[in-house]
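4 protein chains.
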Amino acid sequence: MNTHVADLTEEECLKYCLDCHHICLEMAMRHCLQSGGKHTEPMHFRLMLNCAEMCQTNASFMLSSSDLHVLTCGVCAEICRRCAASCAEIGEMEACVQACIDCAESCDRLVALHALEEAVV
Amino acid sequence: MNTHVADLTEEECLKYCLDCHHICLEMAMRHCLQSGGKHTEPMHFRLMLNCAEMCQTNASFMLSSSDLHVLTCGVCAEICRRCAASCAEIGEMEACVQACIDCAESCDRLVALHALEEAVV
Amino acid sequence: MNTHVADLTEEECLKYCLDCHHICLEMAMRHCLQSGGKHTEPMHFRLMLNCAEMCQTNASFMLSSSDLHVLTCGVCAEICRRCAASCAEIGEMEACVQACIDCAESCDRLVALHALEEAVV
Amino acid sequence: MNTHVADLTEEECLKYCLDCHHICLEMAMRHCLQSGGKHTEPMHFRLMLNCAEMCQTNASFMLSSSDLHVLTCGVCAEICRRCAASCAEIGEMEACVQACIDCAESCDRLVALHALEEAVV
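Chains as they are written, first to last, in our numbering: chain U, 207 to 327; chain E, 207 to 327; chain R, 207 to 327; chain Z, 207 to 327.
Hints were generated in silico from the structure; no laboratory data involved. Think of the CB as a built atom: it goes at the ideal place given N, C-alpha and C, for glycine as much as any other residue. Check each hint, because a few of them may be wrong.
Said to hold, decoys possible - Which bits of chain U does chain E cover? Going by a derived footprint, with three or more residues having C-beta under 8 Å, they are: (1) 253-262; (2) 269-279; (3) 283-293.
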């Protein structure tokens, strides 16, 4: 396995997680709270904050050079996908939808890379 | 499925997660840093802080009434088990070992209960 | 200065911070989101989550044996007081009001004790 | 008061806080843990993690459009200054020293701007 590829993939995943945390938290606390209505519907609003927190925890695991991020990446990807779907359904939340999709795909790539590494080893 | 059983199991899991976060963070930042040596060996020390953070995130998901805690509980249990093993190997960290085992088992029970609920429904 | 008094005061403050974090987060994400209306008014809802986060950070500083908690305790007390006032104005949030007042008073006591310690030394 | 200036100052402060959190956490968990010795001396290591956490909380307050960030900015600046001094004394931590100084100065500017706004109003 090319270590360089793994490092680049992880560096990219860290960036997407930090961005997704930033955008979801900001959108929830500004746009959603100010808009009200379906934007503060419990299921949607909780998902926004849960997504922000899971991205932060996942980023924190990567920043700490923990090999456990393979575990957190899988959950992070799933939560991001659900958050993207919820934001897309509500509408007018394109930045959040995109950040969640980018983060989910990046987490998936990192998990796939680690599975490949183990298969090769 | 008996909602009462599910609520009690979740309430108990929340308590174990909050305790495990508290004990792992305190042990790492006081006992481990003051002891040094194998206590600050990177793999062990990162695991202690990662475990504290994952327990906190899992607790946060439960406090927010998010149904996504079924996803985070599985990862939390796995990280707690690894932290318990690492603490047991180092020795003199009984409180931490016990908190991690209690938390892992409680997370496992909650995941099993949700799987049972879905099977019945 | 009696170290025993300082340790007991800090232990008590840690407990109040952990409780206040727990109660504010749970009330915001369950009661406030489900009730809507003035409960999800941006200023109030942000204050609830900010209060939960500051209590958690303050608790984290105490758990890590950091002497910097004297700095965070002052800010934590002020935010808890504002949160208590906002919750009292909205009504039906007695548990949250009480947790915030207890936490603020406990933080104040710890700051006062440290000021006294420095005066004696 | 020029709102544009205030917004730019806050946007900049948010960026410095997020960067400082990222750099302090990464340096502590990778460089410090791997180097050991004075790098894992309790006072220094706790300061690194406390600094990362306070920067994150301060960023979180800004992302949530909370006006309480004026309170957290003051404490954040003080903790960043102490972390910069501790890193400078240990040596070979230039990136961390710079990130802490930039963040402290940015927090100071935001606090000063708010004091000015209140004086003008």
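Hints versus structure:
1. 253-262: With 5 residues closer than 8 Å to chain E, the segment 253-262 of chain U meets the three-residue bar; holds.
2. 269-279: holds (count 6)
3. 283-293: holds (count 3)
Of the numbered hints stated above, none is contradicted by the structure.
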